[in-house]
Amino acid sequence: MAEREKTQVADIDRTVYDMKNEDKDAYRFEGGLTREIVEKLSREKDDPEWMHDFRLRSLDLYNEIPVPDWGPDISGLNMDEIVTYVRPNAKMSANWDDVPAEIKNTFEKLGIPQAEINSLAGVGAQYDSELVYHNVRKEAEEQGVIYTDFESAVKGEYGDMVREHFMKLIPPEMHKFAALHGAVWSGGSFVYVPKGVKVSYPLQSYFRLNAPGAGQFEHTLIIVDEGADLHFIEGCSAPKYNVANLHAGAVEIYVKKGARCRYSTIENWSKNMYNLNTKVARVEEDGVIEWVSGSFGSHISYLYPTSDLVGERARSEFTSIAFANTDQELDTGCKVAHRAPNTHSYTNTRSISKGGGINNFRSSVYVAPEAKGSKCAVSCTSLMLDSESRSDTIPAMDIRTADCDVGHEAKIGRISDETVFYLMSRGLSEEEAKALIVSGFADTVSKELPLEYAVEMNNLIRLEMIGAIG
Amino acid sequence: MKMYSNLLPCITWKWLKMNGTETEISPAAHGEVALPEGWSVSEDRAAHGSDIDPRSNKQIQAALFADKIVTGMGPDMDRAAKEYGIPVIRMTAGEAPLVIENRYKDGDSVMTCVEITVPDGVHASVTEKFYSEDGAKAEAAFQTKFIVGKGASVEFVQIEKLGKDVTLFNDNGSFVEKDGRLDSIYVLLEGGKTYYGSRANLKGNESAFSLDMAYIVKGDEELDANVAAFHRGKKTDALITVNGTLKDRAKKLLRATIDFKSGAAGSTGKETEDVLMMNEGVINRNVPLILCTEEDVEGIHGATLGSPSEEIVTYMMSRGLDKATIYDIIEKARLDACAGKISDEKTREEVRRYIHPDEE
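So the protein sequences, as listed, match chains A and B. Using the working numbering, the first residue of the first sequence is number 1, and each one after it goes up by one. Using the working numbering, the first residue of the second sequence is number 471, and each one after it goes up by one.
Don't take each hint at face value.
[To be verified] Rough simulated footprint, nothing fancy, chain B against chain A, three-plus residues with beta-carbon under 8 angstroms:
id: 1; stretch: 79 to 90
id: 2; stretch: 362 to 376
id: 3; stretch: 406 to 413
[Unchecked claim] Subject to a maximum C-alpha distance of 27 angstroms in a straight line, what follows is the list of computed DSSO-like cross-link-like pairs (lysine-lysine):
id: 4; chain 1: A; residue 1: Lys-411; chain 2: B; residue 2: Lys-487
id: 5; chain 1: A; residue 1: Lys-375; chain 2: B; residue 2: Lys-620
id: 6; chain 1: B; residue 1: Lys-688; chain 2: A; residue 2: Lys-372
id: 7; chain 1: A; residue 1: Lys-375; chain 2: B; residue 2: Lys-487
id: 8; chain 1: B; residue 1: Lys-472; chain 2: B; residue 2: Lys-631
id: 9; chain 1: B; residue 1: Lys-704; chain 2: A; residue 2: Lys-375
id: 10; chain 1: B; residue 1: Lys-663; chain 2: A; residue 2: Lys-176
id: 11; chain 1: B; residue 1: Lys-487; chain 2: A; residue 2: Lys-168
id: 12; chain 1: A; residue 1: Lys-375; chain 2: B; residue 2: Lys-802
id: 13; chain 1: B; residue 1: Lys-740; chain 2: B; residue 2: Lys-620
id: 14; chain 1: B; residue 1: Lys-620; chain 2: B; residue 2: Lys-705
id: 15; chain 1: B; residue 1: Lys-528; chain 2: A; residue 2: Lys-411
id: 16; chain 1: A; residue 1: Lys-372; chain 2: B; residue 2: Lys-721
[As the list claims (entries may be wrong)] One-sided and incomplete, this derived list gives chain A residues near chain B with beta-carbon spacing under 8 angstroms:
id: 17; residue: Arg-390
id: 18; residue: Ser-391
id: 19; residue: Ala-396
id: 20; residue: Met-397
Derived by calculation from the structure, the hints in this document are not laboratory data. All of these numbers come straight from a predicted model, not from anything done at the bench. Built from N, CA and C at the ideal position, the CB exists for glycine as well.
Turn these sequences into a full structure, and let the hints steer you where they fit.
Written out as structure tokens, the structure is:
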């Protein structure tokens, strides 16, 4: 089979995601989560004392906080079997030639080096628990943009900045998997965009989990300083195994006064993955956070990017699509807190359920008493492609000022027979007609993505639609 | 007894504190109902209680699939009736309208349970009024269950005008057979603490449920509500329309659910809520759910929350009205619109007088 470049594709084949490298990692911990394992990880990372203590406090919280009982069933995830740290047989490098051939080959097939050349200002590539490649373009570097692996940031010259911001938006008390993350985080990126700097190309982090039964716990901390502008892209995938894998990453974004950050994600984890990811942005005066999210993979997902609008006229936009197929339950949505006057938020989500897949849209909107003059709109549309599937919409609103406008609308339905019939009369097969309609349904999200990612998303939809008929 | 009620049919984050409500109920007496001509009453008055866990949606769903009535407030209301020895007044509807007027006095602690079977093809009209004497401190609970037969229909009107020191548990549930329909109207004019539940088990093909609800919650009043339509039959229809006004320090939580079950092909469900928040200090919470395991359905939810539109207020001010008058007109218009749907002229006029006490 000819090799292809995933981010430039006109076609797609699932085998590119399912390719597996032999699990000959240099080092992996035993399964489970104990104080000894956390201590060992802290030593492995050569953590400063504060981080060591933070990990242990998080572990205590993890042991205290119950497993959530309000969402999808995660009883199939046995933490005693999850390996929390797998160090690949590679050192991090800023040169692809230094990355071991097998790992490099994986990322090449995923199209990362080519995308870096064509359209990115920097790339971080994580393989299992560690980054194997990290580089930032000279132009971005000259603008003062810091884009580095997280471990270096913790211990290096940005250590104080990291300590000031690390897990302040996602404290380990937040929920069980935030606590887990605090205890065993490894890898991830630190980004700082200085005041007034507009980064003209996106930065991208790609997370690849190769080891069966492993967890990935990368931490991404982004600070977009006053008046700055950044587009950050996150991609993730893993081959399918018969054992559960876990992703419990954390993304913290600080959008300072007048700054803008767009965070785009195409998530395509394999269908044995428990994706329990947490993302929070804190947005100051006149700042903007834009979330663009496509969820296609994983067995179970809990994912609710949160916008905390703390500054006057802060704004958030959340655009997402979730496609749940057989053996998938995607519990996705968002949270928005309006905590300052004249803040605005707009949420537009689409979900598609097929082949017994389950989509839950879950959201919360909070408008504080001081958020006078705020506006919020939530729109949620769901498409059911068969009656084996399920789609639930669970939005909650808590409004505490009269001086606001809040609107919510949700719709659920099916593909109309008339539309399919019309397209078939134009020469399309039923399968092609339905795929086209679903692509159109997802258009609100794909048009928000860079072209090559939009193409990839449409191809993923087409792939998922194969066999949709009958 | 301690009670857990108004469980959201699909729970969400616990920190939101919207999944259900913990409260207490301790009725000391039971109410009776005078039946009109043509209605009959059963001698079986035993409360059967419930063995369903009030926090378990799985058990509630299983009961609904077993053709049971599970009310909006949930199984603890049935349990309370049994624990406090409250008889269930089981009756079969006739053609004459049934009007139950409850007027609570100071110190009352009353629970009334009625179960109304509407035979196939019969149209029944049931009106329940909840009033209290001035200054009364009381606890009232009223549970109404309907079994709506094939092709039968019910107009079910509830009017609440209670003092600020009265707590009302207003709990409703229904089971609707083929081509049956239950049309409910609930006008909440005044109340201290109101717990409200309504759940329709739409088993029959082409069965229907509607709720037209208008409320004004003001002062320190609270409204905690749970409305759910459980679509099982083919081509079932639910329409939930809520228009409300919150004033002063009022608190409101509305859970409203359209639940399409597998097999409910061709069904439609629509739920809308429009809430006016008239001043700072009010708390408005809502959780509108659409749950779906059937492809061939159409479900829609819409909500608008906030203060009266500036354009309307400005226009009316340009006509010489002051802001207080304009707000008064707007809030009363919402109640009028709902009350106007009551088909019985006498009741409609009674409600209108409550809404406009200064008019002749």
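We went through each hint and held it up to the structure:
no.: 1; hint: 79 to 90; verdict: violated (count 0)
no.: 2; hint: 362 to 376; verdict: holds (count 3)
no.: 3; hint: 406 to 413; verdict: holds (count 8)
no.: 4; hint: Lys-411/A with Lys-487/B; verdict: 25 angstroms, holds
no.: 5; hint: Lys-375/A with Lys-620/B; verdict: 46 angstroms, violated
no.: 6; hint: Lys-688/B with Lys-372/A; verdict: 21 angstroms, holds
no.: 7; hint: Lys-375/A with Lys-487/B; verdict: 23 angstroms, holds
no.: 8; hint: Lys-472/B with Lys-631/B; verdict: 26 angstroms, holds
no.: 9; hint: Lys-704/B with Lys-375/A; verdict: 39 angstroms, violated
no.: 10; hint: Lys-663/B with Lys-176/A; verdict: 36 angstroms, violated
no.: 11; hint: Lys-487/B with Lys-168/A; verdict: 24 angstroms, holds
no.: 12; hint: Lys-375/A with Lys-802/B; verdict: 26 angstroms, holds
no.: 13; hint: Lys-740/B with Lys-620/B; verdict: 23 angstroms, holds
no.: 14; hint: Lys-620/B with Lys-705/B; verdict: 15 angstroms, holds
no.: 15; hint: Lys-528/B with Lys-411/A; verdict: 25 angstroms, holds
no.: 16; hint: Lys-372/A with Lys-721/B; verdict: 18 angstroms, holds
no.: 17; hint: Arg-390; verdict: 5 angstroms, holds
no.: 18; hint: Ser-391; verdict: 5 angstroms, holds
no.: 19; hint: Ala-396; verdict: 5 angstroms, holds
no.: 20; hint: Met-397; verdict: 5 angstroms, holds
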